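Engineer: Please build the complex by placing chains B, C and D on the supplied structure of chain A, with the hints as guidance.
Sequences listed follow chains A, B, C and D, in order.
The opening residue of the first sequence carries number 13 in our numbering; numbering runs sequentially from there.
The opening residue of the second sequence carries number 13 in our numbering; numbering runs sequentially from there.
The opening residue of the third sequence carries number 13 in our numbering; numbering runs sequentially from there.
The opening residue of the fourth sequence carries number 13 in our numbering; numbering runs sequentially from there.
None of these hints come from the bench; they were simulated from the model.
Misleading hints may appear alongside valid ones.
No copy labels: a pair is met if it fits in one copy or bridges any two.
No farther apart than 30 Å at their CA atoms in a straight line, the calculated lysine-lysine pairs in the BS3-like style are these [stated by the list, open to error]:
#, residue 1, residue 2
1, Lys235, Lys75
2, Lys342, Lys110
3, Lys309, Lys110
4, Lys45, Lys110
5, Lys160, Lys309
6, Lys356, Lys309
7, Lys342, Lys309
8, Lys342, Lys356
9, Lys32, Lys46
10, Lys45, Lys309
Note that the structure is predicted; figures quoted are calculated from it, not measured.
There are 4 protein chains.
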Amino acid sequence: MSSSFGNNIKLTIFGQSHSKGIGMTLEGIPAGKKIDFDRLYSFMERRAPGRNAYSTPRKEADKPEFLSGVVGDTTCGTPITAVIYNTNTRSQDYDILKDIPRPGHADYTGFVRYGESRDYTGGGHFSGRLTAPMCIAGGIALQLLAEKGIFVSTRIASIGGVRDEGNLTEYCLRGYKSGSAEGLRDNGNADTEMFRNPGAEGDFPTISDEQGRKMQAVIAEKKAEGDSVGGVIECAIFGVPAGVGDPMFDGIENRLAQIIFGIPAVKGLEFGNGFEAAEITGSQNNDPFYLENGQVKTGTNNCGGILGGISDGMPITFRVAFKPTPSIAKEQDSVNLTTMEETKLVVPGRHDPCIVPRAVPVVEAAAALAIYDFLV
Amino acid sequence: MSSSFGNNIKLTIFGQSHSKGIGMTLEGIPAGKKIDFDRLYSFMERRAPGRNAYSTPRKEADKPEFLSGVVGDTTCGTPITAVIYNTNTRSQDYDILKDIPRPGHADYTGFVRYGESRDYTGGGHFSGRLTAPMCIAGGIALQLLAEKGIFVSTRIASIGGVRDEGNLTEYCLRGYKSGSAEGLRDNGNADTEMFRNPGAEGDFPTISDEQGRKMQAVIAEKKAEGDSVGGVIECAIFGVPAGVGDPMFDGIENRLAQIIFGIPAVKGLEFGNGFEAAEITGSQNNDPFYLENGQVKTGTNNCGGILGGISDGMPITFRVAFKPTPSIAKEQDSVNLTTMEETKLVVPGRHDPCIVPRAVPVVEAAAALAIYDFLV
Amino acid sequence: MSSSFGNNIKLTIFGQSHSKGIGMTLEGIPAGKKIDFDRLYSFMERRAPGRNAYSTPRKEADKPEFLSGVVGDTTCGTPITAVIYNTNTRSQDYDILKDIPRPGHADYTGFVRYGESRDYTGGGHFSGRLTAPMCIAGGIALQLLAEKGIFVSTRIASIGGVRDEGNLTEYCLRGYKSGSAEGLRDNGNADTEMFRNPGAEGDFPTISDEQGRKMQAVIAEKKAEGDSVGGVIECAIFGVPAGVGDPMFDGIENRLAQIIFGIPAVKGLEFGNGFEAAEITGSQNNDPFYLENGQVKTGTNNCGGILGGISDGMPITFRVAFKPTPSIAKEQDSVNLTTMEETKLVVPGRHDPCIVPRAVPVVEAAAALAIYDFLV
Amino acid sequence: MSSSFGNNIKLTIFGQSHSKGIGMTLEGIPAGKKIDFDRLYSFMERRAPGRNAYSTPRKEADKPEFLSGVVGDTTCGTPITAVIYNTNTRSQDYDILKDIPRPGHADYTGFVRYGESRDYTGGGHFSGRLTAPMCIAGGIALQLLAEKGIFVSTRIASIGGVRDEGNLTEYCLRGYKSGSAEGLRDNGNADTEMFRNPGAEGDFPTISDEQGRKMQAVIAEKKAEGDSVGGVIECAIFGVPAGVGDPMFDGIENRLAQIIFGIPAVKGLEFGNGFEAAEITGSQNNDPFYLENGQVKTGTNNCGGILGGISDGMPITFRVAFKPTPSIAKEQDSVNLTTMEETKLVVPGRHDPCIVPRAVPVVEAAAALAIYDFLV
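Chain A on its own, in the form it takes in the complex (with noise of 0.2 Å):
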């Protein structure tokens, strides 16, 4: 079903940019999991907008109301329901869109799709809104996966063609293995200090601040010409024990991928080298094995710790590419679909010259969600 995630878990997410409320179920969660939700709630405030320069200055009171599933700060076993109610939406912001589809969003998809009665304001059920239910479901998997000793890192790998630098992998081990974490941030989701997000600098997720600085240059200079940018975002998840995963239609990659590709302006996936896996041979590609402390390791990681769809104990790592926000503010052809004329749209509203920064937790939730959904 369209709105629901997981073989092991369940995850149901429901609402619309402007309904009533935005939320979701998550179904077999095990009894007796105390979730904190100081560290839940600060998790979603990376994904809140207005927190900078670079995001959107709508702001937005995202605190989850918890239904059911929990009993004071711990689970008791049935469906957990939290809720986010709207506030302060401006729908007649979006009366112009009854008419008019806005490139590059569903609007014309949906309106085909579900016919006059769609829910067009504010995006609807297709809202990047809906990614704030996913980081609840997702901050609490990320908290489960950290009592197994699973951690998942995140940073921003390129913006507009500005790559970051460094190997995300090394530089989250550089604390484990030097015993130091300098210039590492908590991610909201590990206990320890050795597995953390990049990100010295403010909320900007890259090993490198000088090309975080170039990357948020591009986006203030996007913003300012009315335009938008997107970026790349890499991931890994430290510490999921070879043997994890199913052959063929339910490895890791596909559980991965159906989730991933369910956060809006998600274009393109990638594991381990990805498409430079293509451009290369098999004995530059293939991943040997070797002996360490009488476990075995490869030295290189290609296959992004996956193989056959089942982890090999190295680090998951994959990257995912996001379309920069279809909302511009320059004057874009579309067409009136009431009175069927090609016409010139304006898009309203104030949005993100660059979702990429506020999806960074939202790709840690999704992973969390599809890993967690293995080993629950």
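Structural biologist: Below, chains B, C and D without anything else, positioned relative to chain A:
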């Protein structure tokens, strides 16, 4: 479940490389559909090994036997099961693999996941041979889609960094626009001349013959070196009407991704302009709407025909990255899992130096199954 | 997943008896369906407690709030979520249940399944209160079925061994045949007069008023004794065309059974003549075919309108056995799970001496959801 | 999907009565499980026709061939597929059924559902023959449950109104309590003497030999009359620990019901005292808890070992009503679907006058699959 795919249809694939048989059960196909078995077998023939210089010289008699679900050449509405009996398997070739996993294969992860009792011979259930049953199901889906005016075209976009030229969508529509289909190859699923695959010369589906020859030269070169090479397959699905798909976790991208990552050796997947979208601006990336004969169209197709998980009526386009065949003739480092000592391994048997050409129909099969699942 | 139902629709029920709220998410309902909320609330009212002598005097304000999936009174195609907020719950009544499980309830099995962290108050997720969200979903399904000319009629067939008279199918068709509907009660889901529930007197849906009064006398008697009593509900679904359903595991019986056994206190289910079929011969039991106005009909309906899991066009009929309310005022033997000593228990709170009357709309809701799932 | 069952395992059944083969795919069985094939075949033998006076004289060679999922006698973790090839089918017997549906069979509903292209020969996919693959899967599940100390015992509770005597649970535990197992029959799934099926005399599993003889006499009598007769099978599952199952839609009753109603001819299902519970009071029906050697037990087992969908540690008990074989020698009324005229039909072929004896292992198979699905 791991070896099952589909919401409205249900494909289950069974078998190991060297088990008595491999096959598939396909549920949900309506009664009364005529299957053109000759067309199906000739489609499957495109996946068969041993047909040319760049594929393995092993011979397989991959003609499926249909056990149920068809009466004569017509579906009867209940599950269709077809089996390909395995004959002439040389399991002894694989004795060494009991202890020593091949780098880049699922031997090690299969061992950890299933233990001593796994079927390691020939890669077991992880073998590329299991794509044959996917082609049975996909070949049927292609015929059922053709009935609805939907066609799948595929080309090899690159091999080892050598890129094809031209634009697949433009190329495939060329016959449609000009009324001529010169240089287009029938891909076994089209009733008309206009939607054909690239590939004037032999079986090598590229738009540019010259680039195709260069790719084949790269394969021959790597083969001579005892090495292998990867590549990218590009696919376009024509004729899907606007409004097909669902938001969030069951959109076209999600469903295609689940099955595409079920093809062995796939490491990346991108829709439309994919990773390129991450490098450009919204004003460049958005596909503005216009009217053509009263139909809503977009001039560009950066979104790959999908917005919010739902088709917009333009061709659905995606690219799939295949890693190089992990089985190479060169000696590699590995580990003996019984003695737990590091060792050298020379992979036995003969193998495709590049699986990309044989993967072309598999991608078409997967594409057809995912799309047909929405439209059955 | 445990709290989800449906193949084409997907119903998820969440909440515990005393959690902040209980509710449901219903996916798969098409866009553009008008919901008559007054009709829905009056349908739900039939399940509400405290309406008469034989139901518990507790008052619930069970009016659901719709958070998503509807715009105004019309569905928009994406998941519908509705919540009933729990207020005025007297959790302290249930303190004793932390240690001492009530016989006949799920207190003990819930403890073993979920451990100390289970929500035992008010029965938690096992509470009969969770049938309220099922009635939200089912009430919507009843309206959508009525659009298709499909109606669900239900009567109390017996209480504590006192049996109703007459034949439900004949009775419900009486108005249709005579053009009069005297003595038939509107069950809140029919647009016409002809398909109504039994129950001329008050809310007690029997064909025979006299037998209905006798049943109510039995309930009153058991209540006075501090005891409770069970009963049987019979249901007939009119208007399902022939050919609905699937063989084997997803036939009409299978789907109805899955949801019917999801209603607390159900211990038996039979279709058509059910257990009686086991006592007679084939020549007595087979329903011979004949023609009526060019339509294939059967003169009898021993099969309950279902052959091979698929409807034959006759009314679909089934009977559901409900056990007596396990909560009784009499002292019972139990065990203290903390001290592990045998003990006596007097169940706190006030409870229905017979849940059958309130279960009538719940059976209708379940029936509607199962049938609509095939026809959406 | 219609022909698939299971949440954690996935059983898919394929084939028609007269197709090239029938069979099953069973996913989710762990690797490394030894299957005792002799035991499995002898279990399947109990379902085979032609073994005695009250079953059809047709001969089937129902020995399955395993195509995949086992290496030698051991599972390898990936899907298990087994096929029974159909031979010696007399399709011409069924030519008349192309036009004239047999009362009580799915011929008419299959025609409406699937149209002209349905496979009507021998009942197609609706045939009782499809219970053979269910027995392959169920026979494996029985062996895997026995490993966990779980055993399934079954008796014929009644035939045509003639009832067996005694209490199944008491009877099966008799050997356990007395240390003797006289008069208990090995049902092919137990490693110990203590959990056996009733049935001292021949294959007719009743507790009372005398009642068993009376039942056989009824069958013989109805056969002589060219008629058939139904019956009830009772089943008890021993050894399921407390805490297995889930609330609401995936409880033990729901899962058992889904698969039990997948057996052809089943018209009713009740758990514990079932419909009897509807006639008594709460104080009679509740099963009070007591302690036995520090274990929580109930003295009675009216609930059939299930509270709130979850096992309470007592034997799980249920009864299944089978209608009389619809194929009888007597002339019946039917309709010619081609000419649309009323007609008389004499059903061709030879058929069981009572399918209940052969259904006993099928009920065991279904029970084992449903329970194993929770415990895999």
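Engineer: Give the relationship of Lys342 and Lys309 under a CA distance limit of 30 Å: within one copy only, between copies only, both, or neither.
Structural biologist: Classified as between: cross-chain Cα gap 20 Å, same-chain 51 Å, threshold 30 Å.
Engineer: Using 30 Å as the alpha-carbon threshold, which applies to Lys342 and Lys110: within, between, both, or neither?
Structural biologist: Classified as within; 19 Å inside a copy, 62 Å across copies.
Engineer: 30 Å Cα cut-off: does Lys45 pair with Lys309 within a copy, between copies, both or neither?
Structural biologist: between (32 Å within a copy, 29 Å between copies)
Engineer: Please work out whether the CA atoms of Lys342 and Lys356 approach to 30 Å or closer within one copy, between two copies, in both situations, or in neither?
Structural biologist: The answer is within: 10 Å in one copy meets 30 Å, while 61 Å across copies does not.
Engineer: If the cutoff is 30 Å on CA atoms, where do Lys235 and Lys75 land: within, between, both or neither? Let me know, please.
Structural biologist: within (28 Å within a copy, 46 Å between copies)
Engineer: Treating 30 Å as the Cα threshold, decide for Lys32 and Lys46: within, between, both or neither.
Structural biologist: both (29 Å within a copy, 18 Å between copies)
Engineer: Between the shortest in-copy and the shortest cross-copy C-alpha distance, which are at most 30 Å for Lys309 and Lys110: within, between, both, or neither?
Structural biologist: The answer is between: 18 Å across copies meets 30 Å, while 56 Å in one copy does not.
Engineer: Between Lys45 and Lys110, at a C-alpha cutoff of 30 Å, which is it: within one copy, between copies, both, or neither?
Structural biologist: between (45 Å within a copy, 19 Å between copies)
Engineer: Using 30 Å as the alpha carbon limit, work out where Lys356 and Lys309 are close: within a copy, between copies, both or neither.
Structural biologist: between (57 Å within a copy, 15 Å between copies)
Engineer: Evaluate Lys160 and Lys309 at a C-alpha cut-off of 30 Å and name the case that applies: within, between, both or neither.
Structural biologist: For Lys160 and Lys309, the Cα distance is within 30 Å only inside one copy (20 Å; across copies 35 Å).
Hint compliance for this structure: every hint is met.
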